[in-house]
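Keeping their order, the protein sequence lines are chains A and B. Residue numbering for the first sequence follows the numbering used here, beginning at 1 and increasing consecutively. Residue numbering for the second sequence follows the numbering used here, beginning at 312 and increasing consecutively.
Since the hints were derived computationally from the structure, they do not count as laboratory data. Please note that the accuracy of each hint is not assured.
Claimed, not checked - Pairs of lysine to aspartate or glutamate residues, derived as DMTMM-like cross-links and limited to a Cα-Cα distance of at most 20 Å, are as follows:
id : chain 1 : residue 1 : chain 2 : residue 2
1  : B       : Lys629    : B       : Asp687
2  : B       : Lys652    : B       : Glu638
3  : A       : Lys91     : B       : Asp517
4  : A       : Lys91     : B       : Asp499
5  : B       : Lys620    : B       : Asp596
6  : A       : Lys93     : B       : Asp687
7  : B       : Lys661    : B       : Asp576
8  : A       : Lys91     : B       : Glu508
9  : B       : Lys695    : B       : Asp517
10 : A       : Lys90     : B       : Asp517
11 : B       : Lys620    : B       : Asp657
12 : A       : Lys126    : B       : Glu578
13 : A       : Lys150    : A       : Asp39
14 : A       : Lys126    : B       : Glu508
15 : A       : Lys269    : A       : Glu248
16 : A       : Lys63     : B       : Glu619
17 : A       : Lys38     : B       : Asp517
18 : A       : Lys63     : B       : Asp517
19 : A       : Lys126    : A       : Glu227
20 : A       : Lys89     : B       : Asp517
21 : A       : Lys38     : B       : Glu519
22 : A       : Lys89     : B       : Glu508
23 : B       : Lys682    : B       : Asp596
24 : A       : Lys90     : B       : Asp336
25 : A       : Lys96     : B       : Glu575
26 : A       : Lys93     : B       : Glu508
27 : A       : Lys89     : B       : Glu519
28 : A       : Lys63     : B       : Asp499
29 : A       : Lys5      : A       : Glu201
30 : A       : Lys93     : B       : Glu519
31 : B       : Lys537    : B       : Glu405
32 : B       : Lys565    : B       : Glu575
33 : A       : Lys283    : A       : Glu295
34 : A       : Lys91     : B       : Glu504
35 : A       : Lys93     : B       : Asp336
36 : B       : Lys604    : B       : Asp570
37 : A       : Lys269    : A       : Glu246
Quick caveat, the model's predicted, so the values are computed rather than measured.
The lines below spell out each chain.
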Amino acid sequence: MANIKELAKIPERLSGGHRLCAGCGASIIVRQILMATKDYVVASSATGCLEVATTIYPYTAWKIPFIHNAFENSAATMSGVETAYNALKKKGKITKEIKFVAFGGDGGTYDIGLQSLSGALERGHKFVYVCYNNEAYMNTGTQRSGATPKGASTTTAPHGKESHGKHQFKKDLTSIVAAHRIPYMAQASASNWNDLVTKSEKAFAADGPAFLNIISTCPRGWRFSEEKSVEISKLAVETGAWPLIEIENGVWRFTYKPKQRKPMIEWLKSQGRFSHLFTEENKSIIDEIQKGVDENWARLENLCNSTCKVA
Amino acid sequence: MVQTKSKRIPLTGDQAVATAMKQIDPDVVAVYPITPQTEIVMYFANYVANGQVSTEMIPVESEHSAMSACVGASAAGARTMTATSANGLALMWEIVYIAASLRLPIVMPVVNRALSGPINIHCDHSDTMGARDSGWIQIYCESGQEVYENTILAVRIAEHKDILLPIMICQDGFITSHAVEGIELLEDKLVKEFVGEYKPAHSLLDVENPVTYGPLDLQDYYFEHKRQQSESMKGVLKILPELFKEFEKTFGTKYDFIDTYKLEDAEVAIVALSSTAGTARGVIDELRAEGVKAGLLRPRFFRPFPREKIIQALKNVKVVGVLDRCESFSAEGGPLYTEIKAALYDSDIKPLVTNYIYGLGGRDVFPEDIKKVYSDLGAALKNKKVSNPINYLGSRE
Numbered sequence: 001m002a003n004i005k006e007l008a009k010i011p012e013r014l015s016g017g018h019r020l021c022a023g024c025g026a027s028i029i030v031r032q033i034l035m036a037t038k039d040y041v042v043a044s045s046a047t048g049c050l051e052v053a054t055t056i057y058p059y060t061a062w063k064i065p066f067i068h069n070a071f072e073n074s075a076a077t078m079s080g081v082e083t084a085y086n087a088l089k090k091k092g093k094i095t096k097e098i099k100f101v102a103f104g105g106d107g108g109t110y111d112i113g114l115q116s117l118s119g120a121l122e123r124g125h126k127f128v129y130v131c132y133n134n135e136a137y138m139n140t141g142t143q144r145s146g147a148t149p150k151g152a153s154t155t156t157a158p159h160g161k162e163s164h165g166k167h168q169f170k171k172d173l174t175s176i177v178a179a180h181r182i183p184y185m186a187q188a189s190a191s192n193w194n195d196l197v198t199k200s201e202k203a204f205a206a207d208g209p210a211f212l213n214i215i216s217t218c219p220r221g222w223r224f225s226e227e228k229s230v231e232i233s234k235l236a237v238e239t240g241a242w243p244l245i246e247i248e249n250g251v252w253r254f255t256y257k258p259k260q261r262k263p264m265i266e267w268l269k270s271q272g273r274f275s276h277l278f279t280e281e282n283k284s285i286i287d288e289i290q291k292g293v294d295e296n297w298a299r300l301e302n303l304c305n306s307t308c309k310v311a
Numbered sequence: 312m313v314q315t316k317s318k319r320i321p322l323t324g325d326q327a328v329a330t331a332m333k334q335i336d337p338d339v340v341a342v343y344p345i346t347p348q349t350e351i352v353m354y355f356a357n358y359v360a361n362g363q364v365s366t367e368m369i370p371v372e373s374e375h376s377a378m379s380a381c382v383g384a385s386a387a388g389a390r391t392m393t394a395t396s397a398n399g400l401a402l403m404w405e406i407v408y409i410a411a412s413l414r415l416p417i418v419m420p421v422v423n424r425a426l427s428g429p430i431n432i433h434c435d436h437s438d439t440m441g442a443r444d445s446g447w448i449q450i451y452c453e454s455g456q457e458v459y460e461n462t463i464l465a466v467r468i469a470e471h472k473d474i475l476l477p478i479m480i481c482q483d484g485f486i487t488s489h490a491v492e493g494i495e496l497l498e499d500k501l502v503k504e505f506v507g508e509y510k511p512a513h514s515l516l517d518v519e520n521p522v523t524y525g526p527l528d529l530q531d532y533y534f535e536h537k538r539q540q541s542e543s544m545k546g547v548l549k550i551l552p553e554l555f556k557e558f559e560k561t562f563g564t565k566y567d568f569i570d571t572y573k574l575e576d577a578e579v580a581i582v583a584l585s586s587t588a589g590t591a592r593g594v595i596d597e598l599r600a601e602g603v604k605a606g607l608l609r610p611r612f613f614r615p616f617p618r619e620k621i622i623q624a625l626k627n628v629k630v631v632g633v634l635d636r637c638e639s640f641s642a643e644g645g646p647l648y649t650e651i652k653a654a655l656y657d658s659d660i661k662p663l664v665t666n667y668i669y670g671l672g673g674r675d676v677f678p679e680d681i682k683k684v685y686s687d688l689g690a691a692l693k694n695k696k697v698s699n700p701i702n703y704l705g706s707r708e
């Protein structure tokens, strides 16, 4: 359990002055995660907003060792770093305790980097993979990804006379990762900071790969006013658009459940990317979105019930 | 001379590479199997399984991840190796360039194989020739012995503090990789001493001195970084003679950027890479017995391109036939030909030069084919002109 007074005393590992947008979820997420271990950390990032905005040569916002390789290979790159650590530790050339974290956006994780992630998880490298999930390719201007939710308008799945935006439901990456049976994984949100930091602590402590899928607000791509970033993160949790769950050694668990889930229409109304849905002909789409969230919630409750261990 | 080599033992080219890797004992090997490189991976995996090396091996899920993991491991300060062929190299492509631009001394034996499509598993040089501008040093080897020794030499080349570039050690798929040859092994202890310990100046694991690898490099710096890469590559030509000497002193074999055979007084000469040179040597002996002044130039390095050495070696030759095991589809000939011709254009010598595309997809090159080339070169010598600048050798019309 994190203590906010203690957290505030931890030196920053990602300095300010980087060029991420005001209200961007990515830097908030990175800072909270890096507060969750006192050990040395080496980080990597896939190509994307986080990377381009924090490392414009000759500057870097990273106060810890950092590597960017390419778009689809943050996990494979970190598997090389972690293996080098094991090799050099075995030879006595390194004695320090070091943790490894690989960041990627949803494009670099759900789509182009899925194979690299799957391979690294299967091989069992001891590292934390973090997907800062802003539900589209934001760095290149809001193109659809496998993580884009149904109904969202993006530049490659725009709404129009014949379209309500993205037609498909988003990929359930968390379940795909769960199928790798890694020791620890979770969904989190920066709005629930205590939950996120606690999950990050568990992820760093896991004896093997850990995965964090974190909803990451994007004022530009989602089209909302940047001061509402944390509020909207919270709404994702309260509506069930982004359930806060964890899977620890195969046991699924809600780490937070709203007393009464808010209707999805509140989430959809909060962002311009869904504004075209509020017409008579798109009403059924909103119903389908609500149904999708309800079904997912029921499925998660079933998984939690069927995997929970009797205390 | 101190006895530094074993008796000849029978090994394939792939086994020779795996043996060199065992003796180098790198910190990390990230590798994915592909024909005809597969045996390298299998033999090396056995060394790991039996504790004959201290290497941590990463059995990755693709060549893209192989090179990606190599970049991570090398940036973390580990001596890092991989190996590949053809489509595997093609899948790595994006990261091959990144490895060079990050100045990571990754050592990669490549078993040359035709690039798909159509799919074909046999030898040609289309794979590594395509990567000639990726910023990697490239050595092309004629025999298993040469592949073996140059894999060891490559570690020192790549890691030299004034070079710091990744390196490919190429051998011909199946022709060399699967042919059994008597190979003299170098002493373990001497190899260990020769390769020494890798001490990187900047490492991700040097956590007290954090560095950022792979930043966004825009209009105001990218160009200079590319220039630095280029200057390092050119510097290889100045730095290596010293290293060649050290290798010769330690192990008794003399290497250079190029290799020649009966070229000093040759009037007609073939230029060819890798195993084809062996076939040419036999033909040259026959032709010499008949009074034909035939010779051979075999560039060992294609990157950096040893321009001056090549011009110097060809200075007395009247007609040159350049053999390319690679097609460039309507370019001014194959890559070896175009570069040699371009080098000669600015030199004081102006031999006639002609190009032969040959051996694609593993098509055998016979002594008769080589004789045909020398016969063409003889005719050009007589007529003072070549009949065709670009020819296809051994292809049905």
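Each hint tested on the structure:
Distance check on the hinted pair: Lys629 (chain B) and Asp687 (chain B) sit about 13 Å apart at the alpha-carbon level, within 20 Å; holds. Annotation: proposed proximity of Lys652 (chain B) to Glu638 (chain B) holds, straight-line Cα distance about 16 Å (limit 20 Å). Distance restraint check for Lys91 (chain A) and Asp517 (chain B): the Cα-Cα separation of roughly 15 Å lies within the 20 Å cut-off, and the hinted pair is therefore satisfied. Taken as a hint, the Lys91 (chain A) and Asp499 (chain B) pair is honoured in the structure, with Cα atoms around 19 Å apart against an allowance of 20 Å.
For the suggested pair Lys620 (chain B) and Asp596 (chain B), the alpha carbons sit about 24 Å apart, so the restraint of at most 20 Å is broken. Taken as a hint, the Lys93 (chain A) and Asp687 (chain B) pair is broken in the structure, with Cα atoms around 60 Å apart against an allowance of 20 Å. Using a Cα cut-off of 20 Å, the hinted pair Lys661 (chain B) and Asp576 (chain B) holds, with the two alpha carbons roughly 16 Å apart. Of the pairs offered as hints, the one joining Lys91 (chain A) and Glu508 (chain B) holds, with about 12 Å between alpha carbons and a cut-off of 20 Å not exceeded.
A threshold of 20 Å between alpha carbons decides the hint, and for Lys695 (chain B) with Asp517 (chain B) the separation of about 64 Å lies outside it, so the pair is violated. Between Lys90 (chain A) and Asp517 (chain B), the direct Cα distance comes to roughly 16 Å. Compliance with the 20 Å bound is thereby established for this hinted pair. Proximity of Lys620 (chain B) to Asp657 (chain B) is assessed by CA-CA distance (about 14 Å); at most 20 Å being required, the pair is judged to hold. Taken as a hint, the Lys126 (chain A) and Glu578 (chain B) pair is broken in the structure, with Cα atoms around 63 Å apart against an allowance of 20 Å.
Only pairs whose Cα atoms come within 20 Å are accepted, and Lys150 (chain A) paired with Asp39 (chain A) is rejected, the gap being roughly 40 Å. A C-alpha spacing of about 26 Å is found between Lys126 (chain A) and Glu508 (chain B), which places the hinted pair above 20 Å, so the restraint is violated. For the given pair, Lys269 (chain A) sits about 34 Å from Glu248 (chain A) by alpha-carbon distance, which is inconsistent with the 20 Å threshold. Our distance criterion of 20 Å between C-alpha atoms is broken by Lys63 (chain A) and Glu619 (chain B), whose separation comes to about 47 Å.
For the hint linking Lys38 (chain A) to Asp517 (chain B), the alpha-carbon distance of about 17 Å falls within 20 Å, and the restraint holds. Taking the CA atoms of Lys63 (chain A) and Asp517 (chain B), the gap is near 12 Å; set against the 20 Å cutoff, the hint holds. With a C-alpha separation of about 36 Å, the suggested pairing of Lys126 (chain A) with Glu227 (chain A) is violated against the 20 Å cut-off. Distance restraint check for Lys89 (chain A) and Asp517 (chain B): the Cα-Cα separation of roughly 12 Å lies within the 20 Å cut-off, and the hinted pair is therefore satisfied.
Taken as a hint, the Lys38 (chain A) and Glu519 (chain B) pair is honoured in the structure, with Cα atoms around 14 Å apart against an allowance of 20 Å. Taking the CA atoms of Lys89 (chain A) and Glu508 (chain B), the gap is about 15 Å. The hint holds against a cut of 20 Å. Distance hint between Lys682 (chain B) and Asp596 (chain B) is fulfilled; the C-alpha atoms sit about 11 Å from each other, no more than 20 Å. Pair hint Lys90 (chain A) plus Asp336 (chain B) holds up; C-alpha atoms about 14 Å apart against a cutoff of 20 Å.
At roughly 60 Å between alpha-carbon atoms, Lys96 (chain A) and Glu575 (chain B) are farther apart than 20 Å, so this suggested pair is violated. Under the criterion of a C-alpha separation no larger than 20 Å, the hint pairing Lys93 (chain A) with Glu508 (chain B) is consistent with the structure, at around 11 Å. With a C-alpha separation of about 16 Å, the suggested pair Lys89 (chain A) and Glu519 (chain B) falls inside the 20 Å cut-off, and the hint holds. The suggested pairing of Lys63 (chain A) with Asp499 (chain B) is violated, with an alpha-carbon distance near 42 Å, which exceeds 20 Å.
At roughly 17 Å between alpha-carbon atoms, Lys5 (chain A) and Glu201 (chain A) fall within 20 Å of each other, so this suggested pair holds. Under the criterion of a C-alpha separation no larger than 20 Å, the hint pairing Lys93 (chain A) with Glu519 (chain B) is consistent with the structure, at around 14 Å. The suggested pairing of Lys537 (chain B) with Glu405 (chain B) holds, with an alpha-carbon distance near 16 Å, which does not exceed 20 Å. Between the alpha carbons of Lys565 (chain B) and Glu575 (chain B) the distance comes to roughly 18 Å, so the proposed pair stays at or under 20 Å and holds.
For the suggested pair Lys283 (chain A) and Glu295 (chain A), the alpha carbons sit about 19 Å apart, so the restraint of at most 20 Å is met. For the hint linking Lys91 (chain A) to Glu504 (chain B), the alpha-carbon distance of about 17 Å falls within 20 Å, and the restraint holds. This hinted pair checks out: Lys93 (chain A) and Asp336 (chain B) have alpha carbons roughly 15 Å apart, not beyond 20 Å. A distance of roughly 18 Å separates the Cα atoms of Lys604 (chain B) and Asp570 (chain B); the hinted pair therefore holds under the 20 Å criterion.
In summary, the hint linking Lys269 (chain A) to Glu246 (chain A) is not supported, as the alpha carbons are separated by about 28 Å, beyond the 20 Å threshold.
Checked against the numbered hints given earlier, the structure breaks hints 5, 6, 9, 12, 13, 14, 15, 16, 19, 25, 28, 37 and satisfies all the rest.
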